[in-house]
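Chains as they are written, first to last, in our numbering: chain A, 1 to 332; chain B, 1 to 221.
Calculated from the structure, these hints are not laboratory results. Note that CB positions come from ideal geometry on N, CA and C, so glycine has one too. Accuracy of the hints is not assured; some may be wrong.
Stated by the list, open to error - Between beta-carbon pairs, the in silico distance windows are:
1. B:R189 - A:E245: 18 to 26 Å
2. A:V224 - B:K128: 43 to 51 Å
3. B:N156 - A:I5: 26 to 34 Å
4. B:D20 - A:N6: 46 to 54 Å
5. B:N156 - A:G125: 43 to 51 Å
As the list claims (entries may be wrong) - No more than 20 Å apart at the CA atoms, straight line, and that leaves these computed lysine to aspartate or glutamate pairs for EDC-like:
6. B:K126 - A:E180
7. A:K10 - B:E71
8. A:K230 - A:E249
9. A:K317 - A:E119
10. B:K128 - B:E104
11. A:K202 - B:E71
12. A:K10 - B:D175
13. A:K202 - B:D28
14. A:K10 - A:E301
15. B:K128 - A:E147
16. A:K3 - A:E14
17. A:K317 - A:E147
18. A:K317 - A:D206
19. B:K126 - A:E119
20. B:K128 - B:E71
21. A:K2 - A:E14
22. A:K202 - A:E17
23. B:K126 - A:D115
24. A:K10 - B:E26
Claimed, not checked - Now the stretches of chain A that chain B is said to cover, found in silico as 3 or more residues with beta-carbon under 8 Å:
25. 70–81
26. 107–118
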Amino acid sequence: MKKLINDPRKVAGEALEGLALAYSQYLRLVAGVQAVVRKDAPVTGKVGVLSGGGSGHEPMFAGFVGAGMADGSVAGNIFASPPPQPIVAAARAVQGGAGVLFLYGNYSGDVLNFDMAAEMLEEEGIHISTVRITDDVASAPPERYQERRGIAGDFFVIKVAGACAEQRATLAEVTAAAEEANRNTRSMGVALSSCIIPASGKPIFDLAEGDMEVGMGLHGEPGVERARLKSANQVAEELVTRILEDMPELANSDAAILVNGLGATPLAELFIVFRAAHALLIRHGIAIRHSYVGNYATSLEMAGCSISLLRLNERLKHWIAAPVQTPALIQI
Amino acid sequence: MAISVIDQRCLSGMLIFVADEIARREADLNALDAAVGDGDHGITMRIGFEAIRERLGQLDPATPIDGILRESGTAFLGATGGAIGVVMGKMLMAGGKALQGMQEIRAQEFQQLLTAMESSVAATGKVKPGDRTILDAIHAAAVAATAPGWASKDLNTIVDLAASAAQGAARTTADMLCRVGRASRLGNRVLGHPDPGAISFGIILRAMHHWITISAPGSHS
C-alpha cells in the first residue's frame with residue numbers, strides 16, 4: 001500500500017479538516033464531530049439539507065456543502081456510516097427552524113444510523129424528513145428499486161434539494177423535490193481496478209489485468225458482469241444502454257449527465273467517455289441541458305467511471321440550473 | 001477454578017478481557033469480511049471494544065451491571081458507525097435494560113441477557129434466524145442457554161454451551177445466502193464464507209467463557 005497518510009485510523013477526520021481549512025469561504029467544521037456545515041449555517045427559516053455517509057468518496061459528500069447545495073454533511077470513517085451522535089450534532093447546526101432533510105445513499109448502515117439520529121432529533125422537536133438515494137441500476141432489478149443503492153446520482157439529488165431549499169420551500173416541498181430527482185436519476189458504473197482501504201492496507205477485490213466489472217458498487221460490491229476491458233466507446237455504450245433499458249422514458253427527453261470518475265481514472269479518459277455518451281444520447285433524441293465531468297463520487301483510488309442521467313422536467317431543469325458555491329462545484 | 005457469579009466489578013473485567021480478544025482477532029475478522037464485504041469488520045469491532053474499554057475506565061466503580069452494559073452500548077455505538085455500530089450498541093443497551101437492578105449475573109440472568117440481546121438485534125436489523133447475520137449466532141446461543149435441564153447447570157456450563165452454539169451457528173452461516181445488508185448484493189458468492197458478525201459474536205461468548213474459567217472466585221477486580 002502506498003498512500004499519503006499519517007495514520008490509517010485518522011484518514012476520514014484529517015481529510016475533512018483539510019477540506020474545511022482549504023475552503024473556509026464555504027464551510028466550517030462542527031466542533032467535536034466529523035461533520036461540516038455551510039459557513040452561514042443555520043440559515044433562519046430555511047430547510048437544512050444534511051447529507052452524509054462513509055468517507056472515501058471525496059468530494060462526496062462534504063465537497064458539496066455550501067450555498068445552493070447541502071447545508072451540512074456528516075462523514076463516517078472509510079466506507080462506514082457515521083454514528084448517530086455526529087448526525088444529531090450536524091442536524092442541530094443546520095436547522096434554521098424549518099426542519100432538516102436527510103439525504104444519503106441507500107445502505108443499511110446509513111439507514112440504521114440516520115434513522116436513529118432522526119428519532120433523537122424528533123424528540124428534541126426538530127422535524128426530520130428522509131430521502132434515500134437509489135440511482136444505481138446495477139444494484140437491484142427495477143421491481144426492487146427501493147433496494148437499490150446510491151452512487152454518483154447522489155449529486156443530482158443533493159443539487160435539486162439544495163436549490164429547492166434555497167428558495168425557502170417547506171420541508172415537505174424540499175422532500176418532494178429530492179424524491180422527484182431520485183425517481184428520475186439512474187446511474188451505471190464500471191470498475192477497472194480495486195481500491196485499498198487504508199486501515200486494512202489491502203485491495204478489497206481482485207480484478208485481473210485486462211478485466212473490467214460492469215455495475216460494481218462504490219465499495220466494491222459485485223456488479224452485473226465481469227468481462228475483458230473494452231474501448232471507451234464500447235464501455236460508454238454499455239453503460240448508457242443499461243440506463244436506457246431501465247428508464248426508457250429518457251429517450252427524446254431533456255437530461256443532465258454526470259460522467260463521474262471513481263478516483264484513479266484520468267480526466268482525459270472521462271472526457272473520452274463523455275464524448276461517446278454525448279453521441280449516444282443524441283442518437284436517442286436526448287437533449288443534454290447540463291453536463292458534469294469529473295471526480296464527484298469516488299471510491300478511494302479505484303479506477304473506472306460511472307454515468308448518471310437525470311431526466312429533466314421544467315421543475316428539475318430550474319433546480320439544476322440554479323447557482324451553487326461549494327468546494328467541489330461552483331455554478332454561476 | 002471457575003467463578004460461579006459475575007458481579008459488576010467482574011463484568012468490567014470480563015468486557016476488557018473480551019476487548020483484548022477482539023483486538024487479537026482483528027486481522028482474522030478483516031480477512032473474513034474481505035471475502036463478503038470491504039474487509040474492515042475487525043477494525044470496526046476493535047474500535048468499538050476499545051471505546052468500551054475507555055468508557056469502563058471512566059466509570060464509577062460502583063456502577064451497577066445494567067449501567068455498565070448501557071454505557072458499553074453507548075460507547076460502541078458512538079465510536080463505530082456502520083450497521084454493526086447500531087446493532088451491537090443497541091444490543092448491549094438492551095442487555096442492560098434486561099438486567100436492571102440486578103446485582104449479579106448467574107445462569108438465569110445470563111439467559112435473560114442473551115434473550116434480550118436476541119430480541120434487540122432482530123428488531124434493530126429487521127432480521128430473523130437464517131438471514132445470515134449476527135442474529136444466527138445470538139439465536140443459537142439463546143436457544144442453547146435455555147435448553148431443558150438448564151436449571152441444574154451453573155454459569156460456567158451455560159456460558160460454555162452458549163459459546164459453542166454461537167460458534168457452531170456462525171460457521172454454518174457459510175452455507176447461507178444473504179438477504180440483508182451490503183453482502184446481500186453478492187448472491188451465491190457468499191457461499192463458503194461465514195458471516196463476520198456472527199463469527200464475532202461467537203468470539204465474544206467464547207472469550208467470556210474463557211474469562212470465567214480462568215477467574216478464581218474473589219480474585220478478579
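Quick one: which hint numbers does this structure break? Sort them smallest to largest. 2, 3, 4, 6, 7, 8, 9, 10, 11, 12, 17, 18, 20, 22
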